[in-house]
Amino acid sequence: MKHSLILEVNGERHEIAVEASATLLHVLREDLDLIGPKKGCDSGGCGCCTILLDGRAVYSCMVFAMSAQGKKITTIEGLPKDGKLDPLQEAFIQSGAVQCGYCTSGMIMTAKEFLANSPAPGDPEIRRAISGNLCRCTGYHKTIDAIRTAAFSR
Amino acid sequence: MSISGVKEFCRPQSAGNAVELLAKHGNRAVLLAGGTFLHGLFSRGLGSGVEVLVDLQHAGLSYVNEAHGGLALGAMTTFRELAATEQVQKMPEFGALLDSLHCPPAQIRNQATVGGCVASAYTLFDVPVAFLALDASVKSLGPQGPREMPLEKFFVDYFEHSLKKGEILTDVLLPKPAARSASAFLKLETNSNDLALLNVAVRLSLDKSGLCQESRVVLGGGVGKTPVRALSCEALLNGQRPSRALFENAAQKVSADIHPVSDHRASGQYRRAVAKVYLRRTLLRAAERLGIEIA
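Protein chains in written order, with the numbering used here: chain A, 1 to 154; chain B, 1 to 295.
The hints are simulated quantities; they were obtained by calculation from the structure and are not laboratory data. Note that beta-carbon positions come from the ideal geometry of N, C-alpha and C, so glycine has one too. Take the hints with a grain of salt, since some may be wrong.
What the hints assert, rightly or not - Rough simulated footprint, nothing fancy, chain A against chain B, three-plus residues with beta-carbon under 8 Å: (1) 35 to 46; (2) 49 to 58; (3) 92 to 106.
If we strip away everything but chain A, and leave its shape as in the complex, we get (with noise of 0.2 Å):
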């Protein structure tokens, strides 16, 4: 049986019918055709899905959809205003922190939150800040060097 649930996903309101199981990422993906955030371990031990909820970064394979009622739901497609990518997108960019791109939204998305708290970070916290999402190429150095970029040319 489908439930009638109502989303603000980037500024947008959305009216749908979803499962009472079904996952904020697929939901996000399957119905709204946001596919930025990635379905990667489906199970909270990757953060290809991080995803903002009323700002915090949270693991959207872990949430589900019926949960995120009247929050704000924010994806990496909603990063870019008035056609200009965000700054993080930029450095991710400018610092080639991109190899197989599947990390990359989740990484972004996390960032987003850290930096948001976060006006100074040193290295060791930027680590800290991702631990949460992997990267199977391996590429955290370039994913470090541009979360520090983006925070440094604020």
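Given chain A's structure and the hints, the job is docking chain B onto it.
Here is chain B on its own, set in the frame of chain A:
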């Protein structure tokens, strides 16, 4: 996360309302707190027959209140919210709690809850071990009303606790800490998003003459079916002046108190060996927080 049998989703607006829903749906219902371990429970076959999720996020259980000189932690308080409270940040007495709350990555800290990590009754979790070292108790609500029990009595076996059917955990209560006390926690893990291979929480309290009293030594992460209090270590510490030699003796003693399991992640022998090292380090960390010189 694949939980396909679930058909209904309830959003109770109070703890009492949640109890009514549990009474109505019985074994078909499971409580949803932060949701970070629900997958873990289902993948271990513990969610069979579940058709109703009872989401507690609107039940008014997110708070940290001062109570009787200690703290009352609402079951739906997230790790992040708890770690941000002034008492937990600043009081060395709660150091073990702060240490344990910082173990998981941001995504888990933002979602996982005080009540969820306790009610899962999983021996590999971190925060409950810290709670035990702080003499925590739990408050629950059921059809017969509220009741309290020591956390030590709460844990029974793997994924088994002593709440009765239809009861929900509403609070974790931390008593007023003793005057000169500090606590610390350490975890051994293979990566930052891993369950513990071993974890240790200790509380050191000093009496007026600077001798240990009311010591707590608790180990978790594969040393038994539940987290374990190392009673012979505690007895060895009590009445003694903190010193490196004392901590080393306590560490050597810990083997008698634990029954480590062997699994695909670590052998019991390995857990037994590192328990000594981690206990010594955790004691030193707590002593440092007490601000005492250790000879």
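Results of checking the hints against the structure:
no.: 1; hint: 35 to 46; verdict: holds (count 6)
no.: 2; hint: 49 to 58; verdict: holds (count 3)
no.: 3; hint: 92 to 106; verdict: holds (count 3)
In summary, the structure agrees with every hint in the numbered list given earlier.
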